[in-house]
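Protein chains: 2
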Amino acid sequence: MDNGQLKLENQFCFRLYSAARLMMGAYHPYLDPLGITYPQYLVLLVLWEQDKQPVCDIGKRLMLDTNTMTPLLQRMEKAGLITRTRGKKDTRQRIVSLTKQGRALYEQAQHIPENMRKAVMIPESKMEEFLQMIPLLDQLIEALKKLNS
Amino acid sequence: MDNGQLKLENQFCFRLYSAARLMMGAYHPYLDPLGITYPQYLVLLVLWEQDKQPVCDIGKRLMLDTNTMTPLLQRMEKAGLITRTRGKKDTRQRIVSLTKQGRALYEQAQHIPENMRKAVMIPESKMEEFLQMIPLLDQLIEALKKLNS
DNA sequence: GCTGTTTATATCGTTCACGATGCAAAAATG
DNA sequence: CATTTTTGCATCGTGAACGATATAAACAGC
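Which chain is which? The protein sequence lines are X and Y, in order. For the first sequence, position 38 matches number 46 in the working numbering, and the numbering has no gaps at all. For the second sequence, position 94 matches number 102 in the working numbering, and the numbering has no gaps at all.
It should be emphasised that the hints constitute simulated quantities derived from the structure, not laboratory data. Among these hints, one or two may not hold up.
It does not matter which identical chain is meant; a pair holds if it fits inside one copy or across any two.
Straight line, CA to CA, 30 Å or less: simulated DSS-like cross-link-like pairs of lysine-lysine [what the hints assert, rightly or not]:
(1) Lys154 / Lys108
(2) Lys126 / Lys60
(3) Lys60 / Lys134
(4) Lys108 / Lys97
(5) Lys60 / Lys108
(6) Lys96 / Lys154
(7) Lys97 / Lys60
(8) Lys60 / Lys96
(9) Lys68 / Lys86
(10) Lys154 / Lys15
(11) Lys15 / Lys153
(12) Lys86 / Lys97
(13) Lys154 / Lys86
(14) Lys15 / Lys134
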């Protein structure tokens, strides 16, 4: 019966869960000075790529539903990073736009990816190995998305 | 200046974050019938390996602090899965023990790892590739733990 | 043994994450 | 064009996570 699969040590998902949590903690030194959280950073990444998007489009990119997005965006609006205006074509939509302040954070965020890489992956030589995880994670995410839909 | 590192598509951490979230969602079909959440499942994994542990020991294995553990364990106690008694040697400690009900869930959880594997990783042939992520995730977790301490 | 420090736990406040539900606008259907 | 369905967003409640802070017990140094 017991083949050891129920041991924490053998749990792939626990590693995923822990790595994700600890990773968010590692962002703190870089995000705290900007006054934002990791999910808020993700929203900004999406908006820096393309400004003025409806809530649902941002949610699709981040794979988050509106019940998560709405309060998140409300906090960001309160912090002066974005504005949420009504859509003109589709009046149900809320168009999320960067404020001057939200746009200005882009410059300050420039070195975050590089700094995170340096902080975490000490040996530059191992970088290639880690990058091999990307297609696997993408594959996993795709499978999980189908599973959860 | 803009080397594309601030694009969502190039974010390793976003993949980690998303995969962890979606993975927890994929556990729902298996954990809901047991009336537990994923973090509660992790606590049970630790207790099924060894019963009667102080809060801090469980926390160390899950890499969670007491400000997360205490409310989590309180909910599990309320649900009748565990009891929390005072330590005898060290009266500061709270010894967490499985109830009959908590122990009984072990049998019902036997097939969860296997079912999750089947549900997510469709091709059996790709299993080996995914398992190669484990040492990399472990390395990442160790680096992040040092970083966050 | 007394005092300063560390350890184990708890509480509070804030932010996420998400299931469930509601509502109005848009789209699809007959 | 009227009715049904879908879509976009919001709200509520619950369960994490986690920083900050508190408290009492254990421990260490003198």
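- prompt: Of the numbered hints stated previously, which ones are contradicted by the structure, given in increasing order?
  reply: 1, 2, 3, 6 and 13
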